[in-house]
Structure formats: structure tokens, C-alpha cells
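Listed here are the chains, written in short residue letters.
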Amino acid sequence: MTQPRIEYEKLTAGYEFVPTSFKLDSRMVMAYLKAVEDNNRIYKEDKIAPPMAIAALAMAALSSGLDLPPGAIHVSQELEFINTAHIDEMLTSYARVNRKVERGKFHMLSIGIHVENQKKTTVITGETSFILPLS
Amino acid sequence: MRLPELKRLVTQEHINLYAEASRDFNPIHIDAEFARQTPLGGTIAHGMLILSYISQLMTNSFGESWLGTGKLSARFKAPARPGDTITVSGKITKMQKDEGSISIYCDVACQNQRNEPVIIGETKVRVKA
Chain A
1 MTQPRIEYEK LTAGYEFVPT SFKLDSRMVM AYLKAVEDNN RIYKEDKIAP PMAIAALAMA
61 ALSSGLDLPP GAIHVSQELE FINTAHIDEM LTSYARVNRK VERGKFHMLS IGIHVENQKK
121 TTVITGETSF ILPLS
Chain B
1001 MRLPELKRLV TQEHINLYAE ASRDFNPIHI DAEFARQTPL GGTIAHGMLI LSYISQLMTN
1061 SFGESWLGTG KLSARFKAPA RPGDTITVSG KITKMQKDEG SISIYCDVAC QNQRNEPVII
1121 GETKVRVKA
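Going line by line, the protein sequences match chains A and B.
Those letters in the first sequence? Residues 1 to 135, per the working numbering, in order.
Those letters in the second sequence? Residues 1001 to 1129, per the working numbering, in order.
Calculated from the structure, these hints are not laboratory results.
The C-beta atom is built at its ideal place from N, Cα and C for all residues, glycine as well.
Just to be clear, a hint being listed does not mean it is correct.
Have a look at the derived ranges for each label pair, beta carbon to beta carbon [stated by the list, open to error]:
1. A:L68 - B:Q1113: 27 to 37 Å
2. B:Q1012 - A:M30: 11 to 21 Å
3. B:T1038 - A:G65: 19 to 29 Å
4. A:D46 - B:Q1096: 23 to 33 Å
5. A:P19 - B:N1026: 21 to 31 Å
Simulated coverage check for chain A against chain B, where a stretch passes if three residues somewhere in it have a Cβ under 8 Å from a Cβ of chain B [as the list claims (entries may be wrong)]:
6. 31-38
7. 52-58
8. 91-100
9. 113-124
Construct all of the structure, not just a fragment, from the sequences and the given hints.
Given below as C-alpha cells:
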């Protein structure tokens, strides 16, 4: 799930991170459900993967390819759940820099995220934004 | 109309489990000694962990409709720390009938035990009419 790391300074709007594939194995999903104390039967009986677990893995994939300076703060998150995914499915996460702007004393970085299943059907889309102190 | 509230006690054990599950091992979440030396003064929960509580709230109220049509827009206002009790609330603000479905819009929030906002946001879910 690792990819080449890029430093924040080298990022430009439109930069596309290397797509990352991951399997939604049941061990990971069970660990996630325990961590967030989610006992909803829908995940155990229907084997649906919690979309926030998928989003977490997509974020981890992004983090593995991005070197943010110290002091970076995750300020906002948008997510849209387009289709459900099931445990043991293989998914691929895509990420792209949507905006890199200065706002007052901070830099702001917004990255679009898109997760597909093996049939190329979109599962989740979203955008994550960080503010960073000016160096 | 208000959605049934959730309450969650954030513990370091939950944060560590979340780090394992999400593969996010940033030391600010899991390394007490490292975190003590930062301006935050101690470990904090992953923002996505706390955000997942909002998704739980929505799943509890709207079931599979949320998992397949949900939309969430959230702002992180303050970190959640081990020992914090997070209250997760939601309120329906608008219902709009579309072709064969109803779109339900909600304001959602996570607050700590001091009533400080940790996350605020809006959701939308489509249910069958």
C-alpha cells in the first residue's frame, strides 16, 4: 500500500498520485468496527464493508505518498458513498490535487479521492483538505 | 426532527486499534512521549475515527440507504483526546421528494463533554419514497 512519496512543495494542482489497490479483508474490517465501536448487524450479516473503513484506507494510501510539513492540520472532509463494497473485494484508490492555494497565513491543500472496485464501478468519492503553516 | 444520539468514550486503546485498522501510524495518535512534546501536549484521535461516529449515526437511522447514497461534508474544529466523551447528534433540516426517492438533509455534529464542537457538518441521504 506504499507509493513514491512526494514533498508538499513539489505538489501542483492536477498532480495525480499513483493509484493504490487494497483488499477489504475481514480482519481489517473487524478491527475497524472494534476501534469505532460499531456493532451494526449490517456489516456482519450482509458482509457490507463500512464505507468509512474504505475511506480510512484511501486516506492511508494517500498519506503513504505525501510528505506534509509539521503542523499540517486535516481541516475538512467530504465523502460521497456511491455504491457499497463487500468484505474481500479488491478496491483501487485514486487521488489528485484539486487545489493548492494560499489563504492568509496558511497554505491550503485539497485532494480529491476516488475509490473504484474491480469492475471500475465507483464506490466512494471525496475531497480532503489540509491547512499548513507557511514556512 | 432529531436523530437518536450516540455517545462514545474515546480511549487510547480505540485509537491504537484504529491506527492498526487504517494503517495510519502517525505518532501524534499513538506515541504518548512524542505527542507530549508537540503543541497538542498529548495524543489525539484520528479525525477520521471521530468522523466515523457520524457515519454510524446515519447508518443507525437510514441503514443501507446511507451506505449506498450517503453524502457527508464535515469540518474538524478541535481534536478529540483519550478520555473525551463524544456526543454525536443529527437533526433533519430538509426533506425533498425526487423521482421515486426522498432526499433527506441533516446537520450533524460531534461534541466533547465540555460541549465544544469537535466536528460539525452536513449530510444527505436518499431513501426510497
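* To do: Against the earlier hints, flag every one the structure doesn't satisfy and list their numbers going up.
  => Going through the list in order, the structure violates hints 8 and 9 and respects the others.
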